[in-house]
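Just so we're on the same page, my numbering is the position in the sequence shown counted from 1, plus 68.
Please keep in mind that the hints were generated in silico from the structure rather than gathered at the bench.
Any given hint might turn out to be false.
[Unchecked claim] Distance ranges between label pairs, derived from CB positions:
1) Ser130 <-> Trp249: 27 to 35 Å
2) Phe144 <-> Gln122: 13 to 21 Å
3) Asp171 <-> Pro127: 16 to 24 Å
4) Ala215 <-> Asp108: 16 to 24 Å
5) Gly115 <-> Ala161: 35 to 43 Å
6) Ala161 <-> Lys251: 37 to 45 Å
[Stated by the list, open to error] In silico SDA-like cross-links for lysine to any residue, where the CA-CA straight-line distance does not exceed 25 Å:
7) Lys120 <-> Leu173
8) Lys120 <-> Thr168
9) Lys123 <-> Arg222
10) Lys123 <-> Glu246
11) Lys123 <-> Glu172
12) Lys165 <-> Glu119
13) Lys120 <-> Ile101
14) Lys123 <-> Ala241
15) Lys123 <-> Leu177
16) Lys165 <-> Gly115
17) Lys165 <-> Lys251
18) Lys120 <-> Arg93
19) Lys120 <-> Leu155
20) Lys123 <-> Glu109
21) Lys165 <-> Pro213
22) Lys123 <-> Ser156
23) Lys123 <-> Ile101
24) Lys120 <-> Pro99
25) Lys165 <-> Arg203
26) Lys165 <-> Glu109
27) Lys165 <-> Val247
28) Lys120 <-> Val131
29) Lys123 <-> Ser200
30) Lys251 <-> Leu173
31) Lys120 <-> Thr159
32) Lys123 <-> Thr242
33) Lys123 <-> Asp85
34) Lys165 <-> Pro127
35) Lys165 <-> Asn225
36) Lys120 <-> Lys251
37) Lys165 <-> Ala241
38) Lys123 <-> Val247
39) Lys165 <-> Leu155
40) Lys165 <-> Ile113
Just so you know, these numbers come straight off a predicted model, no measurement behind them.
By construction, the Cβ of each residue, glycine as well, lies at the ideal position given by its N, Cα and C atoms.
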Amino acid sequence: MGKRLTKIYTRTGDGGDTGLGNGARVEKNHPRIEAIGTVDELNSIIGLFIEKLQKQDNPQLSVIAEFLRYIQHRIFDLGGELSIPELSIITSAHVRKIETALDELNDQLAPLENFILPGGSELIATAHLARSVCRRTERRMIAMPEAAHENALRFINRLSDYLFVAARTCARATNTDEVLWAKE
69 MGKRLTKIYT RTGDGGDTGL GNGARVEKNH PRIEAIGTVD ELNSIIGLFI EKLQKQDNPQ
129 LSVIAEFLRY IQHRIFDLGG ELSIPELSII TSAHVRKIET ALDELNDQLA PLENFILPGG
189 SELIATAHLA RSVCRRTERR MIAMPEAAHE NALRFINRLS DYLFVAARTC ARATNTDEVL
249 WAKE
């Protein structure tokens with residue numbers, strides 16, 4: 069790939085609007101830009117989660133880190149898809165890949181018998197933070213005037229499920245008790 073940016077600042081957004089990939093300009097608080105920004109935030113928190121996983125030096129957690137690195141590239145694709153309303157990049161194959169990885173992790177866990185709170189360790193809390201940002205991303209994608217493509221919505225929905233199971237896997241792999249919700 070050749071050079072994409074020769075100058076980081078363009079001054080074109082100084083008035084509060086920004087350009088979409090198709091050349092259209094919209095306000096920076098437009099629902100589509102909110103969705104794109106939240107996709108970017110999701111990619112950042114997943115990057116942080118990957119770094120924390122890699123510090124564990126645990127083969128089970130390395131599998132999660134490797135899969136999430138792949139996912140970061142697809143999240144970047146998702147941001148591109150959202151920047152051009154007519155574009156569709158995320159496919160049903162991407163959704164199936166998450167489902168397969170999710171099933172592989174979930175098969176190793178005990179059945180869920182209670183609600184789980186984010187916590188137990190910084191690693192587990194980071195996984196839950198990524199999950200909650202993923203859920204917000206989904207809400208922002210649904211709030212766009214032209215709804216996101218079906219596969220994009222399915223992808224982000226499955227990813228939040230994967231991140232929940234990843235948090236549970238982190239607890240198991242590090243011998244950390246999950247923080248269970250206690251009813252008063």
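Here's how the hints hold up against the structure:
Roughly 30 Å separates the CB atoms of serine 130 and tryptophan 249, a value that falls within the hinted 27 to 35 Å. Separation of phenylalanine 144 from glutamine 122 is about 19 Å and conforms to the stated range, judged on CB atoms against 13 to 21 Å. At roughly 19 Å, the beta carbons of aspartate 171 and proline 127 sit within the given window of 16 to 24 Å. Between alanine 215 and aspartate 108, the C-beta spacing of about 20 Å keeps the proposed range 16 to 24 Å intact.
Taken as a hint, the range 35 to 43 Å is violated for the pair glycine 115 and alanine 161, whose Cβ atoms sit roughly 23 Å apart. Between alanine 161 and lysine 251 the beta carbons are some 42 Å apart, a value that agrees with the proposed interval 37 to 45 Å. Among the hinted pairs, lysine 120 with leucine 173 is consistent with the structure: their alpha-carbon atoms are about 18 Å apart, no more than 25 Å. Between lysine 120 and threonine 168 the CA atoms are separated by roughly 23 Å; this keeps the pair inside 25 Å, and the hint holds.
As the CA atoms of lysine 123 and arginine 222 are separated by approximately 31 Å, the hinted pair breaks the 25 Å bound. For the suggested pair lysine 123 and glutamate 246, the alpha carbons sit about 20 Å apart, so the restraint of at most 25 Å is met. Under the criterion of a C-alpha separation no larger than 25 Å, the hint pairing lysine 123 with glutamate 172 is consistent with the structure, at around 22 Å. Under the criterion of a C-alpha separation no larger than 25 Å, the hint pairing lysine 165 with glutamate 119 is consistent with the structure, at around 22 Å.
Proximity of lysine 120 to isoleucine 101 is assessed by CA-CA distance (about 29 Å); at most 25 Å being required, the pair is judged violated. Pair hint lysine 123 plus alanine 241 holds up; C-alpha atoms about 13 Å apart against a cutoff of 25 Å. For a cut-off of 25 Å, the pair hint linking lysine 123 to leucine 177 stands: about 22 Å separates their Cα positions. At most 25 Å may separate the alpha-carbon atoms for a hinted pair to count; lysine 165 and glycine 115 meet this at roughly 19 Å.
Between the alpha carbons of lysine 165 and lysine 251 the distance comes to roughly 36 Å, so the proposed pair goes past 25 Å and is violated. Taking the CA atoms of lysine 120 and arginine 93, the gap is near 38 Å; set against the 25 Å cutoff, the hint is violated. Of the pairs offered as hints, the one joining lysine 120 and leucine 155 is violated, with about 34 Å between alpha carbons and a cut-off of 25 Å exceeded. Using a Cα cut-off of 25 Å, the hinted pair lysine 123 and glutamate 109 holds, with the two alpha carbons roughly 22 Å apart.
Proposed proximity of lysine 165 and proline 213 is contradicted: the alpha carbons are some 28 Å apart, above 25 Å. With a CA separation close to 35 Å, the supplied pair lysine 123 and serine 156 exceeds the 25 Å bound. Note on lysine 123 and isoleucine 101: the hinted pairing is violated, with a Cα-Cα distance of about 34 Å set against a maximum of 25 Å. Between lysine 120 and proline 99 the CA atoms are separated by roughly 32 Å; this puts the pair beyond 25 Å, and the hint is violated.
Under the criterion of a C-alpha separation no larger than 25 Å, the hint pairing lysine 165 with arginine 203 is consistent with the structure, at around 19 Å. Between lysine 165 and glutamate 109 the CA atoms are separated by roughly 22 Å; this keeps the pair inside 25 Å, and the hint holds. About 29 Å separates the Cα atoms of lysine 165 and valine 247, which puts this hinted pair outside 25 Å; it is violated. Annotation: proposed proximity of lysine 120 to valine 131 holds, straight-line Cα distance about 13 Å (limit 25 Å).
With a CA separation close to 22 Å, the supplied pair lysine 123 and serine 200 stays within the 25 Å bound. Between the alpha carbons of lysine 251 and leucine 173 the distance comes to roughly 28 Å, so the proposed pair goes past 25 Å and is violated. With a C-alpha separation of about 29 Å, the suggested pair lysine 120 and threonine 159 falls outside the 25 Å cut-off, and the hint is violated. In summary, the hint linking lysine 123 to threonine 242 is supported, as the alpha carbons are separated by about 12 Å, within the 25 Å threshold.
At roughly 40 Å between alpha-carbon atoms, lysine 123 and aspartate 85 are farther apart than 25 Å, so this suggested pair is violated. The suggested pairing of lysine 165 with proline 127 holds, with an alpha-carbon distance near 20 Å, which does not exceed 25 Å. Restraint check for lysine 165 and asparagine 225: the C-alpha separation of about 13 Å stays at or below 25 Å, so the hint holds. Between the alpha carbons of lysine 120 and lysine 251 the distance comes to roughly 31 Å, so the proposed pair goes past 25 Å and is violated.
At roughly 22 Å between alpha-carbon atoms, lysine 165 and alanine 241 fall within 25 Å of each other, so this suggested pair holds. With a C-alpha separation of about 22 Å, the suggested pairing of lysine 123 with valine 247 holds against the 25 Å cut-off. As the CA atoms of lysine 165 and leucine 155 are separated by approximately 21 Å, the hinted pair is consistent with the 25 Å bound. Proximity of lysine 165 to isoleucine 113 is assessed by CA-CA distance (about 21 Å); at most 25 Å being required, the pair is judged to hold.
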